[in-house]
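Asker: Those protein sequence lines, which keep their order, are chains A and B.
Residues 143 to 563, numbered by the working numbering, are exactly what the first sequence covers, in order.
Residues 454 to 729, numbered by the working numbering, are exactly what the second sequence covers, in order.
Calculated directly from the structure, the hints in this document are not laboratory data.
Don't take each hint at face value.
What the hints assert, rightly or not - Taking lysine-lysine and the DSSO-like style, the derived pairs with C-alpha atoms no more than 30 Å apart in a straight line are: (1) 273/A with 337/A; (2) 342/A with 568/B; (3) 493/B with 292/A; (4) 526/B with 273/A; (5) 493/B with 380/A; (6) 497/B with 342/A; (7) 375/A with 497/B; (8) 526/B with 280/A; (9) 338/A with 568/B; (10) 337/A with 497/B; (11) 493/B with 375/A; (12) 337/A with 568/B; (13) 299/A with 526/B; (14) 292/A with 526/B; (15) 273/A with 568/B; (16) 380/A with 497/B; (17) 299/A with 497/B; (18) 375/A with 299/A.
Residue strings, one per chain:
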Amino acid sequence: MLAIRVENLSKRYRIGTAQTRFRYHDTLRDRLVEWVKAPLRGLRGPGEEYVWALREVSFDVPEGQVLGIIGRNGAGKSTLLKILSRVTEPTEGTVTVRGRVGSLLEVGTGFHPELTGRENIFLNGAILGMKRAEIERKFDEIVAFAEVEKFIDTPVKRYSSGMYLRLAFAVAAHLEPEILVVDEVLAVGDAEFQKKCLGKMSDVAQQGRTVLFVSHNMSAILRLTQEAIVLEKGRLVKRAPTAEAVDYYLSSGHSELGERRWEAEEIPAAAAPFVPLALRVRNGRGQVVDTVRSVEGATVEFEYRLEAPVQGLRVGIYLMTIRGEFVFTSFDTDDPGLFERYGTRPAGHYLSRAILPPDLLNEGRYVIGVNASSFSVRRYFMDENALSFNVDISGAPGTQWPEVRLGPIRPRLEWRIERLE
Amino acid sequence: MSSEPITVYIRPSRGLRALNLRDLWIYRELIYFLVWRDLKVRYKQTLLGASWAILQPLITMLVFDFIFGRVGKVPTEGLPYPLFSFAGLLPWGLFSTALNQGSRSLVSNQNMITKIYFPRLVLPLAAILAGLVDFAIAFLILIGLMIYYGVTPAAAFWTLPFFILLALITALGVALWLSALNVRYRDVNHALPFLTQLWLFLTPIAYSSSLISERWRLIYALNPMAGVVNGFRWALFGVGEGPGIGLWMAVFVALGLLISGLFYFRAMERMFADLI
């Protein structure tokens with residue numbers, strides 16, 4: 143039995159609408175000016191003002207499957223989810239959905255800060271499509287799950303952000319839809335909360351309901367899904383068992399070897415004033431390469447522009463294995479001296495460069511994620527899968543034995559052998 | 454526990470769309486909760502709370518009484534001026550609140566629109582219905598005034614709900630047009646106060662419609678609110694223009710606004726989430 147059937151789905155956006163980078167509203171004046179300027183062309187110009195967010199995507203999801211959806215920012219994942227949850231209409235194609243679609247991207251939608259926890263549960267439940275009787279039946283369970291018993295009659299504007307998030311999640315999680323859509327919940331909330339989300343997701347999956355899981359976190363995708371689809375520039379390019387799809391995703395798209403550039407439409411509007419430009423891996427001789435030698439060391443450089451001064455900015459990288467396990471996280475202002483010197487970073491064009499020492503990484507493929515944020519103030523930009531590169535270990539310690547060494551690092555440790563007698 | 458799950462077909466819609474009132478019925482509880490939210494929130498952090506619903510028409514009435522009643526000496530079909538103007542201000546308050554809240558309802562709930570599916574008609578509908586509570590509160594003042602002036606209600610008192618409905622239909626019809634336009638052109642936000650004010654002067658609230666000369670009567674009657682206000686005075690006090698051609702025109706225009714508004718709204722609905 144199929145839960146979802148997607149056939150030739152396409153979605154076109156006019157440039158300048160919500161999904162693209164420049165978010166603005168028409169005013170009548172703009173329309174009039176446009177019209178006065180080009181009276182012969184009519185009110186609407188030809189096709190070049192449109193972008194395709196999805197192009198002829200087709201796939202089925204059998205009932206009870208947990209399907210992963212992977213793709214870069216701007217590949218069409220959110221558009222696909224929005225169409226599935228009927229927020230927006232497709233331009234072409236059809237979708238057949240069997241059952242109620244609930245989604246964890248709706249967490250807290252319609253919450254009103256002036257209303258109490260109790261009132262918001264009822265309001266939010268109704269917004270998510272629950273019947274009043276259904277909410278009443280699950281009320282105690284929701285409150286218990288959110289752990290807000292004591293504050294249930296307090297306006298939610300007095301809640302801590304953790305409590306707020308827990309309550310919002312609790313309502314959404316108790317919707318019990320036949321099809322659950324999870325979009326990057328791992329990006330919000332603390333570790334505890336994320337664990338709860340993932341726990342709830344696997345519960346749902348075990349009850350035989352259908353789950354669509356979108357994430358940049360490859361280890362979560364690998365852990366929770368058996369099969370995944372890969373979207374690339376609005377097209378479905380691969381459907382395979384998860385491990386294979388993840389490999390495909392990580393090795394594709396990096397066609398410009400050793401370098402990742404960001405196009406304007408890949409940068410979310412919320413990133414402003416931070417504009418990521420490029421991320422590069424250079425070898426010991428300064429060449430941009432896809433494979434570095436572990437004995438040589440390497441340089442990771444992140445080029446970006448600030449369109450306005452930013453206070454407390456830190457720009458950094460995550461290094462992960464291809465399986466999504468973190469190796470380390472490092473920021474350019476980790477050094478207190480540098481942090482002080484760059485307390486406010488003026489507008490301009492920048493390059494933050496990190497030197498990876500020789501004999502650091504083991505052989506294999508690694509993924510670099512980037513992050514630009516002001517601690518506890520705002521995250522401007524994050525791409526957990528910005529670029530991947532290979533590490534070649536010729537000449538590294540222990541290579542005289544042709545064996546696989548476990549672990550992501552391969553340090554050259556100083557060994558001393560003493561004979562005790 | 455659950456019966457056979459429903460199957461939903463998602464496909465692009467073309468041309469005029471069916472109104473799909475069935476969907477609206479399924480989501481009737483959401484309308485209720487949104488009305489309830491609006492009421493709770495509206496007065497939660499105000500000092501005077503619900504007395505705002507009384508103060509607004511009351512103070513306007515006092516100002517009108519001074520300017521038009523005492524200084525201007527506007528004819529009032531034999532009624533005390535405060536009673537005369539309040540009977541107009543009452544449905545006007547209902548209409549203007551409904552029109553303004555309804556027209557802004559989509560933009561002010563944009564996070565719901567971009568994240569969740571529900572029939573979008575729910576939003577202007579809920580915004581308009583929320584105005585009824587203020588109306589009911591202000592109605593108590595009218596009763597108080599009638600007792601004070603010793604005026605007994607006319608025999609046609611029972612027709613009042615019809616005129617209330619007419620005011621709501623007019624507000625909804627215009628709000629459907631404006632709320633959908635507002636998604637695309639935020640000019641609506643700027644135009645609304647101006648439109649409301651203009652409309653107020655075109656409605657016989659401070660003055661009597663008997664002042665309008667015969668040859669303009671029919672054009673004047675194209676404003677459904679003229680029909681509502683005249684109807685209120687007729688139903689309450691038995692004075693002025695009763696049901697006639699003017700009222701029929703009001704009903705006709707109001708229904709025209711409602712039906713065209715519904716279809717325009719439905720046609721634009723598919724683009725709300727992309728444009729807002």
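Asker: Which hint numbers doesn't this structure obey?
Answerer: 4, 5, 6, 7, 8, 10, 11, 13, 14, 16 and 18
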